[in-house]
Amino acid sequence: MSEKTSKPANANVDARLAEFRATFGRMSDEVSKVIVGYRDIIDNVLTALLTRGNVLLEGVPGIGKTMLVRTLGEVLELQFRRVQFTADLMPGDIVGTNMIAQDETGRRTFRFERGPVFTNLLLADEINRATPKTQSALLEAMEEHSVTVAGTRYVLEEPFFVLATQNPLEMEGTYPLPQAELDKFIFKLDVGFPALEDLDEIIVRTTFEAMPKVNRVATGADILRLRALVREVPVSPHVEDYAARVVLATHPETEHATEMVKRYVKGGASPRGLQGLILAGKVRALLDGRYSVSCEDINAMAHPTLRHRIQRNLEAEAEEISRDAIVSDILTKTPQTAEAV
Amino acid sequence: MCPPANGENAKEEEEAMTTTQAESFKTRYETLRGEIEKVIVGCRDVTDELLTCLFSGGNALIESPPGLGKTLIVKTLADALDLQFSRIQFTPDLMPADIVGTNIIMQDEMGKRYFQFQRGPVFTNILLADEINRATPKTQSALLEAMQEHSVTVGGVRHELQEPFLVIATENNLETEGTYSLPEAQLDRFFFNCRLRFPDLKDLREISRRTTATGSMSVSKTLTREAVEAMKHEARSVDVSPAVRRYASRLVLATHPNREGTTDRVKQFVRYGSSPRGVQALIIGGKVRALLAGRRSVLAEDIRYVSKPALRHRLIMNFEGEAENVDPDRIISEVVANVEAPKG
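Line by line, the protein sequences are chains G and E. All residue numbers for the first sequence refer to our numbering, where the first residue is 635 and numbers rise by one. All residue numbers for the second sequence refer to our numbering, where the first residue is 583 and numbers rise by one.
Among the clues, some could well be false.
What the hints assert, rightly or not - Label-pair distances were calculated between CB atoms; the ranges are:
1) T731/G <-> R807/E: 42 to 50 Å
2) K608/E <-> D958/G: 46 to 54 Å
3) E747/G <-> P674/E: 21 to 29 Å
Unchecked claim - Straight-line distance between alpha carbons at most 30 Å, and here's what the computed DSBU-like set of lysine-lysine pairs gives:
4) K608/E <-> K814/E
5) K784/E <-> K900/G
6) K784/E <-> K967/G
7) K657/E <-> K720/E
8) K784/E <-> K896/G
9) K849/E <-> K925/E
10) K657/E <-> K767/G
11) K814/E <-> K803/E
12) K657/E <-> K900/G
13) K900/G <-> K890/E
14) K720/E <-> K890/E
15) K803/E <-> K784/E
16) K784/E <-> K890/E
17) K767/G <-> K900/G
18) K657/E <-> K814/E
19) K620/E <-> K814/E
20) K890/E <-> K814/E
21) K890/E <-> K608/E
22) K814/E <-> K896/G
23) K620/E <-> K657/E
24) K720/E <-> K767/G
25) K847/G <-> K896/G
As the list claims (entries may be wrong) - Some chain G residues near chain E, calculated using beta-carbon distances under 8 Å:
26) R763
27) K767
28) S780
29) D817
30) R865
Quick caveat, the hints were computed from the structure, so don't treat them as lab data. Ideal Cβ positions, reconstructed from N, Cα and C, are used throughout, including at glycine.
Here chain E stands alone, though its shape is the one from the complex (with noise of 0.2 Å):
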């Protein structure tokens, strides 16, 4: 490289520079979604939409029948990043504190009593709330306090979570007695939604041929905490033109049944459209999906490609869409054939 002489130079170099930057996050960023290939099998999409969240320091819900490997898929993920991992299972009996941690009383040398704060198991960076819609709504809504402040606060003391902290829950869609689903504002809290497929004749046969045979795949460590939180910052200063915004600001209205550029499908089955955060799932996932492809802004295919899971759980159904059990993603899909976007 010759040494840049005058200020056009400079600026090709400061092009050339974001550019190897969107290289290394890309590079990084493959680097630990094939360590987790190593195990997990077929579902990329999953895959890639909670690496998104980790990037964007967003939480996502898996919604998934039992055993297609959720927990799997996430203790790969906390063992391919140096990251601690914990998991909870929710029941109808779980409680707050369960979560959280407890204060318990100690006895110092002078026999003095004082409390000692236990932490619970949300004292970690990658917490899987396994089939979140079995506990009661109390014990949900202390870890979605959690999810959305970073801290916990306990007797009256607050305490700090570490970063990267990513909640990573899974419902169950299948079995719905006794369970509560969560209700439509703390849904909103997650940044993506992701839906696990049963896997194909293919795929399957690839897992019985890694699981049932011997020797296991073992799978290093990538990434450390401060690589992490290097990519999230990376990711956030990825650029949005104006018009790309008003794009994702125009899509998000699209799903109001109320509104202009909205569609017969959304004004007959929804009955409120997607929050503000939709917005901000909107951009944050396009600009990861941007610097995927080597991009250091964010164009309206990446605002596309990341449409569905940042919108599918956002779309409250009215009753007609609910007695005809709609899928949210055909409303999305037509939303977005709908919207013009801008050119480039």
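Here chain G stands alone, though its shape is the one from the complex (with noise of 0.2 Å):
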């Protein structure tokens, strides 16, 4: 079966490498146009999206996260909607709700009032300051593609993408996403302050005229067709070995757990690290002209993938290590060949 699908026509397959590259680079230029700086954050957006993934985005309030889905919309001409979580927010106002409506001869019946969830591009702007039951509601969504309603699914249309957001204080009234739920995001990037020749630039853009336009440069069904080509390209053996002996050495009772691990680290990343890690290393591969996945590709992709699937033991809150520390102790010690096999 593999056999079969890793040999595509081999001149179509250079055809298709090239429109990817060119795809994505036109993508992430357009965006640019808006976007000041965050050059490393709308790549991995734009590969979780080609991935099928969500991303969870972790931020302080104003550095421009809407305005990055936003323009992804208009990027892609794709619908866009927003929603803002609070701590009274229903899974009804997310999902949609069944309304009565009454017919001419007077009868009522139940009609199904779609919620802002029916879009391509979600923007769900401070997930972690709704209640748990609200949070799910959308974790689902994002994890099945569909909705259920009073007993009725209703599926979403394709491309589907959630870009969730949370402040990263420690602030009042929030109820932090339970590991369960953060382990559906493929990435969880953490957006920094921007540099101050960024700001500079900011304030040129966005004090003067109008703001910058951008043009569609690709479509919905570009990037279906986009996603197809990533899952085609193939793993080699030992990068998929590699992979998985990373993602085992995040579980400290395991062998191939660091010392690191051993030490600050109460539980690992799961099977859908592992997924991540290998989806995310063939978009890589993929824009670096290759058709196939290295283990740098693994490498340039664990800090996003992995990042949230660690959580740290006591001793590591009390120590303040990073889980991205752990990540790269986890990187530098795991040997990219395997002993024996």
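Build the complex: two chains, separate frames, hints provided.
Below is the structure:
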């Protein structure tokens, strides 16, 4: 089976590879017309979009998260909706509700009023401000690409992509996402504060004339086609083995764990972390013009894919050992070739 | 086959027939499991335990950290059967009505108002209750009532659930903050307690191969609702000899620190042993196991085979056991080694 799928017509592959890189580049450039700096964040968001994953963005308010998703919607000519999560937001406010409607004869029936989740790009702003039941309503849609209301299942239109944001500060009145829900995001991206020159550029772009205009450079259908290509990229056994050992190394009880993991980690990444590593590695390989994933690709995508899946123990929290430091440690200590298979 | 001439032949034929029945139970079971394993990598033990629950009419509690494919395994099970499936994510603010349903006010043509019952997600065949320990006790007990009675009562009206009704609840044993652990009495209502382990290197690689490339496995429906009911019935009709029955009872008694046949470890770490429900789970689970081995009667080895999932959640540790984090599986192994099995 894999023999057949890994060898499509060769000329065709080159053309598709070129198309992939060109489309990705156009999207990234176009979004950057509006968003100053943060090129890595933009590229990672696009990568997640092409793996059919969703992204959790952590950063302080006012750094252009909404702008990023809105611009993405314009660049792709896809529908965009934003939901501000609040403590009193209800699941029905996201997925929709059954309303009682009256027909001509005066008979009352139920009619389903679609919620904002029925869109292509959804910004879930400050997801940790809503109560757990409301959070889980969104996370179900993210995972299944469908919602169920009063026993009826509604399928969402593809592509469907969720970008959720959360505040990094331990603030009152927030409900942190439980591990099981965090695990459903392919990436967690940490957005830092812009540098001085970027701030200057922001002033130039936003405080004078009209905002820069973006053009549509790709369509939803393009995204679906690129997503299909991503899945076709082959992964050689030794890369697959390496990625699996990196994931196992996040588990303190396995033989693959590093000393740092044994000392500071309570729970490690799930198989979803491995899927994320491989898929993100495939996108990176394509962007680099290669039709196969390398260990370098896995390393490059390890931080955004694994950082939110590592649960630190009390000691790590007390000593302020960051999750990123733990991931880096794993990458340097895990051999790229297995000693014996 | 030649027609039976006398009584002896009739007996032989009866035996042959029951063997065929056991065979066909086994065949249907294995077809179903094969379908599930098209999607699920590894964890054969948990798959077997869930299927045993299905054919025993019991409910299962899966203990596992997040992301090991609990939802996938249950959803695949539902896909491989011609049954309805629904999933509830348990959260601290989930209310009983979110599970069983509510009465809403409707108006008919005459303008008269009346209540209409809006069925909750519990009205299904296979229900995945994800992270059951995150809901408050009142909400948990709403589900547990449905599990026990196979019916729910809302506004004084009783609504029957359709058979088969199988609840598979999951519990995250890693995160304990903000959870309400199930009280012992409610844990006891689960037929089996399954443990999903983290996949090994080989399985991880297979998972990545199956899920990150093109094409997805489709599962075909192998059994109808009626076929499942018939297999449940078949499992119940398997014989258990008095010696094996007594063996199962002795095992359960040996998990009690103050009973004969108990072990030192039980005396040291266990506060209360398994309830009589444990013995039922041993016997009925053993019956399914016997059918899978092509037998129409339960042997001691069948009882031993199901002893861990049937008993591990029914042992209540004492303070010392809790403090030392004693694994109930080790205690069960010891009890099993200590209690003499009947011959044959």
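Hint check results:
| no. | hint | in the structure |
| --- | --- | --- |
| 1 | T731/G <-> R807/E: 42 to 50 Å | violated, 31 Å |
| 2 | K608/E <-> D958/G: 46 to 54 Å | holds, 52 Å |
| 3 | E747/G <-> P674/E: 21 to 29 Å | holds, 27 Å |
| 4 | K608/E <-> K814/E | holds, 13 Å |
| 5 | K784/E <-> K900/G | holds, 23 Å |
| 6 | K784/E <-> K967/G | holds, 20 Å |
| 7 | K657/E <-> K720/E | holds, 26 Å |
| 8 | K784/E <-> K896/G | holds, 22 Å |
| 9 | K849/E <-> K925/E | holds, 28 Å |
| 10 | K657/E <-> K767/G | holds, 21 Å |
| 11 | K814/E <-> K803/E | holds, 18 Å |
| 12 | K657/E <-> K900/G | holds, 29 Å |
| 13 | K900/G <-> K890/E | holds, 26 Å |
| 14 | K720/E <-> K890/E | holds, 29 Å |
| 15 | K803/E <-> K784/E | holds, 28 Å |
| 16 | K784/E <-> K890/E | holds, 25 Å |
| 17 | K767/G <-> K900/G | holds, 26 Å |
| 18 | K657/E <-> K814/E | holds, 20 Å |
| 19 | K620/E <-> K814/E | holds, 24 Å |
| 20 | K890/E <-> K814/E | holds, 22 Å |
| 21 | K890/E <-> K608/E | holds, 22 Å |
| 22 | K814/E <-> K896/G | violated, 46 Å |
| 23 | K620/E <-> K657/E | holds, 13 Å |
| 24 | K720/E <-> K767/G | holds, 16 Å |
| 25 | K847/G <-> K896/G | violated, 51 Å |
| 26 | R763 | violated, 14 Å |
| 27 | K767 | holds, 4 Å |
| 28 | S780 | violated, 12 Å |
| 29 | D817 | holds, 4 Å |
| 30 | R865 | holds, 5 Å |
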